[in-house]
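S.K.: Each chain, letter by letter, is given below.
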Amino acid sequence: MSDQKLVRMEEAGDALIVSPLMAFGHLLDPAVARDWKQVLDRLDDPGVKRLVVDLGELPYFGSTVLDWLVQLWNRMRAKQGVMAACNVSTVGREVLSLARLDTLWRVFDTRKEALAELASAVPPQASPSQP
Amino acid sequence: MPIVLVVDDSAVDRRLVGGMLGKVPGLAVQFAADGREALAFIEGERPDLVITDLVMPEMDGLELVSTVVDRYGQIPIILMTGKGSEEIAVAALKAGAASYVPKTALHQFLVETALDILAMTQDRQSSQRLMGCLGTGQFTFTLENDAELIPSLVNYVQNVAISVGLCDDSDCVRVCIALEEALRNAMFHGNLEISSEVREGDPEAYAALLAERMQNDPWRRRKLYVDVRLSRQAGTFVVRDEGPGFDPRSLPDPTDPANLEKVSGRGLLLMRTFMDDVRFNATGNEVTMVKYSAAGGAGNGECAATPPAAP
Numbered sequence: 024m025s026d027q028k029l030v031r032m033e034e035a036g037d038a039l040i041v042s043p044l045m046a047f048g049h050l051l052d053p054a055v056a057r058d059w060k061q062v063l064d065r066l067d068d069p070g071v072k073r074l075v076v077d078l079g080e081l082p083y084f085g086s087t088v089l090d091w092l093v094q095l096w097n098r099m100r101a102k103q104g105v106m107a108a109c110n111v112s113t114v115g116r117e118v119l120s121l122a123r124l125d126t127l128w129r130v131f132d133t134r135k136e137a138l139a140e141l142a143s144a145v146p147p148q149a150s151p152s153q154p
Numbered sequence: 397m398p399i400v401l402v403v404d405d406s407a408v409d410r411r412l413v414g415g416m417l418g419k420v421p422g423l424a425v426q427f428a429a430d431g432r433e434a435l436a437f438i439e440g441e442r443p444d445l446v447i448t449d450l451v452m453p454e455m456d457g458l459e460l461v462s463t464v465v466d467r468y469g470q471i472p473i474i475l476m477t478g479k480g481s482e483e484i485a486v487a488a489l490k491a492g493a494a495s496y497v498p499k500t501a502l503h504q505f506l507v508e509t510a511l512d513i514l515a516m517t518q519d520r521q522s523s524q525r526l527m528g529c530l531g532t533g534q535f536t537f538t539l540e541n542d543a544e545l546i547p548s549l550v551n552y553v554q555n556v557a558i559s560v561g562l563c564d565d566s567d568c569v570r571v572c573i574a575l576e577e578a579l580r581n582a583m584f585h586g587n588l589e590i591s592s593e594v595r596e597g598d599p600e601a602y603a604a605l606l607a608e609r610m611q612n613d614p615w616r617r618r619k620l621y622v623d624v625r626l627s628r629q630a631g632t633f634v635v636r637d638e639g640p641g642f643d644p645r646s647l648p649d650p651t652d653p654a655n656l657e658k659v660s661g662r663g664l665l666l667m668r669t670f671m672d673d674v675r676f677n678a679t680g681n682e683v684t685m686v687k688y689s690a691a692g693g694a695g696n697g698e699c700a701a702t703p704p705a706a707p
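Going line by line, the protein sequences match chains D and X.
Be aware that the first sequence starts at 24, since it is given in the working numbering, and climbs by one per residue.
Be aware that the second sequence starts at 397, since it is given in the working numbering, and climbs by one per residue.
In short, the hints are calculated from the structure, not lab data.
Heads up, the beta-carbon is just placed ideally off N, CA and C, and yes, glycines get one too.
Incorrect hints may have been included.
Claimed, not checked - Derived DEER-like restraints, expressed as beta-carbon distance ranges:
1) D:ALA101 <-> X:ASN677: 39 to 45 Å
2) D:ALA101 <-> X:GLU600: 25 to 31 Å
3) D:LYS102 <-> X:VAL594: 20 to 26 Å
Turn these sequences into a full structure, and let the hints guide you.
M.R.: Quick look at the structure:
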C-alpha cells in the first residue's frame with residue numbers, strides 16, 4: 024500500500040487544477056483507487072465548472088494517462104464544464120496529438136494561460152457552492 | 397590527475413581549502429573567486445570536482461550549482477556552507493549538488509568528502525564508458541502479474557537501448573512507451589482478463605477485481621514472458637502472456653471521431669506509432685515489436701568495432 028498521493032488538487036477561483044504526480048498504471052493499490060475516486064467525486068461538485076489538468080510532473084505518459092484524461096473530459100462534458108491541459112512535455116504533446124485528443128481539449132504552455140482561456144470560455148455563473 | 401576547482405570570494409578561505417586539498421597526492425587544485433570566473437574555468441578545463449562557497453557576489457553558489465548541473469551534468473559539486481545557510485544548502489542539494497560541508501567543519505570532513513565524491517564519479521564514468529562499448533543486449537524476463545515490475549523493466553531496457561546506441565534519449569522514451577503498453581496489455585488484458593469496460597467503472601471495484609484475480613486460479617498462475625534483443629541496428633521486443641488472446645483486428649480505431657471519447661483502446665495505437673513493426677501471433681497473446689535505429693547504428697568511437705553477427 025502506497026502513501027504517495029496519486030494527484031494533487033488545487034482550487035483557483037471556480038476552477039479545479041488537477042496535477043497527476045506519477046504516471047500511475049493500474050488502480051491496483053486500494054489507496055491509489057481511493058485517490059482517484061476523490062478526484063472523480065470532486066468533479067461531481069456542481070461548483071466545479073472549469074478543469075485544468077497540469078501534466079508538468081509527467082515527463083512522458085502512455086495510454087493509461089490518456090484514458091484517465093478522457094474520463095475527466097467526459098465528466099466535465101456531462102456537466103457542461105470546460106477542460107484544458109497545460110505544462111505538457113514534448114513527448115506528451117505528441118502522444119495527445121497521435122490520439123487526436125488535442126481536438127477535444129486545448130493544450131497550453133502554462134497553467135496561467137490555461138486558466139485565462141477557460142475563464143473566457145465559459146461565462147462565470149453563480150454557483151451555490153461558491154461564495 | 398583529477399582537477400579540483402575551489403570557488404570562494406574570500407582569498408583567506410581559498411588558501412585554507414587549497415592548503416587542505418594540496419596535501420592530497422595526485423590532486424591538482426585550481427581557484428576561482430566567484431561563479432562567473434568558475435564557469436569560465438569549467439568551460440575550458442572541465443574539472444573533476446567543484447567545491448564552492450555558497451554566498452558570493454556576481455553568481456552565488458546556488459546559481460552556480462544550477463548552471464553546472466544544467467550544462468555539465470557529470471561534474472559533481474560540493475558546497476561549503478556557513479552558519480544559517482542550511483535552507484539554501486538544502487535547495488542546492490535539490491538542484492543537484494553532490495554534498496555539502498559546513499565551513500566550521502572543513503578540517504574534519506572536506507578532504508574525506510572530496511575523495512569519496514571523486515571515487516564515486518570515477519566509478520560511474522567507467523561504468524558509462526563500459527556500457528558505451530556494449531554491442532548487443534539480449535535478455536529474457538519471466539514476470540508474475542506484478543505491475544510494480546513494469547516501470548523497472550522498462551527503465552532497464554531504456555538504459556541498455558541508449559547504451560548500445562539504438563536510439564537517443566527522446567526516441568528511447570517513445571520505444572519505452574510502446575513497450576510499456578505491450579506489457580500492460582499482456583498483464584492486465586491478457587493474463588488477468590480485465591476488460592476495458594471494467595476499467596471505466598468504479599475505481600475501487602476495479603481495484604478489488606484486480607486483487608481478487610491476482611489471488612485466484614487460473615489468473616494467478618499465469619506468467620508474462622518478455623524477450624528483448626537490442627543492438628545498434630535494431631531492437632526486438634517479444635511479449636507473451638498466458639491469457640486467451642484476442643483479435644487485434646477487432647479493436648476500433650481510437651482516432652475515429654466516433655471513438656475519441658471512449659476511455660480506452662489507445663495502447664495499440666501508441667505501439668504501432670512508436671515501433672517500426674508490430675505483429676501479433678495467430679492467437680493474439682504474443683506481440684513482436686521491432687524498432688530500427690534511425691542513426692543506422694553509429695558506433696562509439698572509444699570502443700572496438702562490433703564484430704559481424706555469426707551466420
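S.K.: In ascending order, which of the hints set out earlier in this document are inconsistent with the structure?
M.R.: Result: hint 2 breaks, nothing else.
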